[in-house]
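S.K.: Given next are the chains, with one letter for each unit.
Protein chains: 2
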Amino acid sequence: MSNNNKAHIYILSGGIGSRFWPKSRKQYPKQFIDILGLGKSLLQLTAERFTKIFGNENIYFITHKDYKPLIRQQIADIPEANILCEPARRNTAPCIAYAAFKLCQQDPEGIMIIVPSDHLILKEEEYISKISEAIEFVKNNESLLTLGIKPTRPDTGYGYIHYTQSADADIYPVVSFTEKPDKDTAQKYVNSGEYLWNAGMFIWKAKDIVDAFRNYEPEIYNIFEKGNDVYNTEDEAAYIDAVYQNSPDISIDYAILEKAGNVYTLPVDIGWSDLGTWNSLHDIYESKDQDKNALIAKHIYITDSENCMVSAPKNKLMVIKGLKDYIVVDDDDVLLIYPKKEEQEIKSVLKTLNGKTELEHFL
Amino acid sequence: MSNNNKAHIYILSGGIGSRFWPKSRKQYPKQFIDILGLGKSLLQLTAERFTKIFGNENIYFITHKDYKPLIRQQIADIPEANILCEPARRNTAPCIAYAAFKLCQQDPEGIMIIVPSDHLILKEEEYISKISEAIEFVKNNESLLTLGIKPTRPDTGYGYIHYTQSADADIYPVVSFTEKPDKDTAQKYVNSGEYLWNAGMFIWKAKDIVDAFRNYEPEIYNIFEKGNDVYNTEDEAAYIDAVYQNSPDISIDYAILEKAGNVYTLPVDIGWSDLGTWNSLHDIYESKDQDKNALIAKHIYITDSENCMVSAPKNKLMVIKGLKDYIVVDDDDVLLIYPKKEEQEIKSVLKTLNGKTELEHFL
Chain A
0 MSNNNKAHIY ILSGGIGSRF WPKSRKQYPK QFIDILGLGK SLLQLTAERF
50 TKIFGNENIY FITHKDYKPL IRQQIADIPE ANILCEPARR NTAPCIAYAA
100 FKLCQQDPEG IMIIVPSDHL ILKEEEYISK ISEAIEFVKN NESLLTLGIK
150 PTRPDTGYGY IHYTQSADAD IYPVVSFTEK PDKDTAQKYV NSGEYLWNAG
200 MFIWKAKDIV DAFRNYEPEI YNIFEKGNDV YNTEDEAAYI DAVYQNSPDI
250 SIDYAILEKA GNVYTLPVDI GWSDLGTWNS LHDIYESKDQ DKNALIAKHI
300 YITDSENCMV SAPKNKLMVI KGLKDYIVVD DDDVLLIYPK KEEQEIKSVL
350 KTLNGKTELE HFL
Chain B
0 MSNNNKAHIY ILSGGIGSRF WPKSRKQYPK QFIDILGLGK SLLQLTAERF
50 TKIFGNENIY FITHKDYKPL IRQQIADIPE ANILCEPARR NTAPCIAYAA
100 FKLCQQDPEG IMIIVPSDHL ILKEEEYISK ISEAIEFVKN NESLLTLGIK
150 PTRPDTGYGY IHYTQSADAD IYPVVSFTEK PDKDTAQKYV NSGEYLWNAG
200 MFIWKAKDIV DAFRNYEPEI YNIFEKGNDV YNTEDEAAYI DAVYQNSPDI
250 SIDYAILEKA GNVYTLPVDI GWSDLGTWNS LHDIYESKDQ DKNALIAKHI
300 YITDSENCMV SAPKNKLMVI KGLKDYIVVD DDDVLLIYPK KEEQEIKSVL
350 KTLNGKTELE HFL
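Chains A and B, in that order, are what the protein sequence lines are.
Going by numbering that gives the first Met the number 0, the first residue of the first sequence is number 0, and it counts up by one from there.
Going by numbering that gives the first Met the number 0, the first residue of the second sequence is number 0, and it counts up by one from there.
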């Protein structure tokens, strides 16, 4: 097979979206849910962005094996071979290594486009145009490219990419990555014009990322390198099942991007939100009422309330008075009423509840 | 038939309990609900208080005809003749007149005990003992007797009975009735020791209340007097269906008690609550948590919250943070989140929603 320089899209679909609980559940996480009420899940919206341009056969899903049935259910006509299953949760580095080795074995020059399954992108045309630009760049450069989102506010929930603008290019070398900064630092970053949000969207050639694993994360490299004889054979799944859990549990950012010298970024303005939390959904929700309430609810009577994020089933009547800056999510068997400013605590609430057997099915 | 001086219990079961929405719905109102989580509805608890003493055959239910099936479902072995059906809602005066004329036709000396179906009484023995005392009194006096609850707080939601204590009696003439007073007035009432709460529990002989209708509410008297030939015959229901809607829409308090000269009250301390509102349920709920939250919910994780009244289905997980003095009621297809202090608005919210066809089934 010679797919020289052909682009392969890998949609990372294994997250559990715990900050979006209770809409997002372990058994049915965020990417599979129609969070925006558009009639399509975030996963379906993500896949559609690419199938139009790249065709169905070049779209891959990397996911935890538990979610394979959900992907087959939501993505029509997906070849079974295009679902790469993680037998254990080990963050993004090993699953990207797995995909890279597998592709490299067939087509070392093959281009990988790696994207999250659960983000929102409003300016789709611009996005695809930037992806094409990125493809051209990595074709001709031994580089690891990350899209960088031009920041619109000093958000403390994101990682930032520090880059230096040079005069005659769209694509720039990355100086460094920094994790979630404090508010003041984030404000300095935004003011400087030299920082971008790291959205976890990567473009590179298969052989270039495999090289990077060899150089910067040899433990993962060794695990997947030993499988070179079985990738794309019937023995592949058994091999992955056997070795995958031995991999370090680490993100691609920590494992590779913060260490490699050939990391570049392409700044983009694509109407992006990671929809990471109820707050971020509130931020991007367009049809708020006059009191800045974002109401995803068919039947609702809300008074004396401001700046709330409400989500309810279609067949439910919500009567709410006097809430300011609250998240109210009714998801059939769970009701969450939580101050918006403290939503980062929801993760730890889930950890607390997780210890209780009788509550397991709510999580 | 000669049931001389035998007591007949009339349980008023036609209310719609709108202040207890959304647990209480038009199709299935408060008295039919197990609001306290005891495994029995308020109606069943009310009936049981009396069946023990007076037997099944002397318990009557006066209700809107729509609720007849609910009564038959909840009260085992109830003779069909013991359910008196109102074909229209006309408040308490006409339904009591109907019951009184019907009994009077068989047994003018028969004693009527009229009680609401949806109140809580904790001191049941004391209650029954006071009822017996009241029966003895009305047997020997042409009087209309109302139980008066000794007030424990300056509640502005109740009507008050003004009476004068005389030295050598348990039972006193009523000076006047006053409707819901303001806070200061209520406080003066409580301090004076001369006021009792009107709990809508009445004891009198059939002929005495019929006489009172003749004297003070002739319009109602005339309607029901014309039916004297058909009561307790197979023509009764057709007659009531034809004339009932012509009756004035008025309470027994306004129609009779505020006018009659032979009204007496027996002050009682029986652990009473009208359970009229979520606030009153919160007040009487015994096992509140350390932050004074009354939590009728099997699975609940509530933090940084005080003085809330929460009611949820057994199979629902509630996660709540930061609510103070709130009512949170999840009742399957309706969620109510409302400031406790403003709960009297709920009735008018329902009126607003009532105009919308698509919401009708939530009410």
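Please note that the accuracy of each hint is not assured.
Said to hold, decoys possible - Distance condition first, Cα-Cα at most 27 Å in a straight line; then the derived DSSO-like pairs of lysine-lysine:
no., chain 1, residue 1, chain 2, residue 2
1, B, K138, A, K320
2, A, K291, B, K350
3, A, K291, B, K297
4, B, K25, A, K287
5, A, K340, A, K182
6, B, K315, A, K346
7, B, K297, A, K346
8, A, K323, B, K340
9, A, K315, B, K340
10, A, K313, B, K315
11, A, K258, A, K206
12, A, K350, B, K339
13, B, K258, B, K225
14, A, K320, B, K51
15, B, K187, B, K320
16, A, K5, A, K187
17, A, K179, A, K206
18, A, K320, B, K258
19, A, K323, A, K67
20, B, K346, A, K313
21, A, K340, B, K187
22, A, K350, A, K64
23, A, K179, B, K320
24, B, K350, A, K320
To be clear, the hints were calculated from the coordinates, so they are not data collected in a lab.
S.K.: If a hint holds in the structure, say so; if it does not, say that too.
M.R.: Hints and how they fare:
A distance of roughly 52 Å separates the Cα atoms of K138 of chain B and K320 of chain A; the hinted pair therefore is violated under the 27 Å criterion. Between the alpha carbons of K291 of chain A and K350 of chain B the distance comes to roughly 26 Å, so the proposed pair stays at or under 27 Å and holds. Restraint check for K291 of chain A and K297 of chain B: the C-alpha separation of about 33 Å exceeds 27 Å, so the hint is violated. Restraint check for K25 of chain B and K287 of chain A: the C-alpha separation of about 33 Å exceeds 27 Å, so the hint is violated.
At roughly 14 Å between alpha-carbon atoms, K340 of chain A and K182 of chain A fall within 27 Å of each other, so this suggested pair holds. With a C-alpha separation of about 19 Å, the suggested pair K315 of chain B and K346 of chain A falls inside the 27 Å cut-off, and the hint holds. For the proposed pair K297 of chain B and K346 of chain A, the alpha carbon gap of about 22 Å is at most 27 Å, so the pair holds. Taking the CA atoms of K323 of chain A and K340 of chain B, the gap is near 17 Å; set against the 27 Å cutoff, the hint holds.
With a C-alpha separation of about 25 Å, the suggested pairing of K315 of chain A with K340 of chain B holds against the 27 Å cut-off. With a C-alpha separation of about 18 Å, the suggested pair K313 of chain A and K315 of chain B falls inside the 27 Å cut-off, and the hint holds. Restraint check for K258 of chain A and K206 of chain A: the C-alpha separation of about 17 Å stays at or below 27 Å, so the hint holds. Annotation: proposed proximity of K350 of chain A to K339 of chain B is violated, straight-line Cα distance about 31 Å (limit 27 Å).
For the hint linking K258 of chain B to K225 of chain B, the alpha-carbon distance of about 23 Å falls within 27 Å, and the restraint holds. Taking the CA atoms of K320 of chain A and K51 of chain B, the gap is near 44 Å; set against the 27 Å cutoff, the hint is violated. For the given pair, K187 of chain B sits about 38 Å from K320 of chain B by alpha-carbon distance, which is inconsistent with the 27 Å threshold. Distance check on the hinted pair: K5 of chain A and K187 of chain A sit about 40 Å apart at the alpha-carbon level, beyond 27 Å; violated.
For a cut-off of 27 Å, the pair hint linking K179 of chain A to K206 of chain A is broken: about 30 Å separates their Cα positions. In summary, the hint linking K320 of chain A to K258 of chain B is not supported, as the alpha carbons are separated by about 41 Å, beyond the 27 Å threshold. At most 27 Å may separate the alpha-carbon atoms for a hinted pair to count; K323 of chain A and K67 of chain A exceed this at roughly 40 Å. Note on K346 of chain B and K313 of chain A: the hinted pairing holds, with a Cα-Cα distance of about 24 Å set against a maximum of 27 Å.
Restraint check: the Cα-Cα separation between K340 of chain A and K187 of chain B comes to about 45 Å, which exceeds 27 Å; the hinted pair is violated. Of the pairs offered as hints, the one joining K350 of chain A and K64 of chain A holds, with about 23 Å between alpha carbons and a cut-off of 27 Å not exceeded. Of the supplied pair hints, the one linking K179 of chain A and K320 of chain B holds, its CA atoms being roughly 25 Å apart against a limit of 27 Å. Distance hint between K350 of chain B and K320 of chain A is fulfilled; the C-alpha atoms sit about 16 Å from each other, no more than 27 Å.
When each numbered hint is compared with the structure, violations occur for hints 1, 3, 4, 12, 14, 15, 16, 17, 18, 19, 21.
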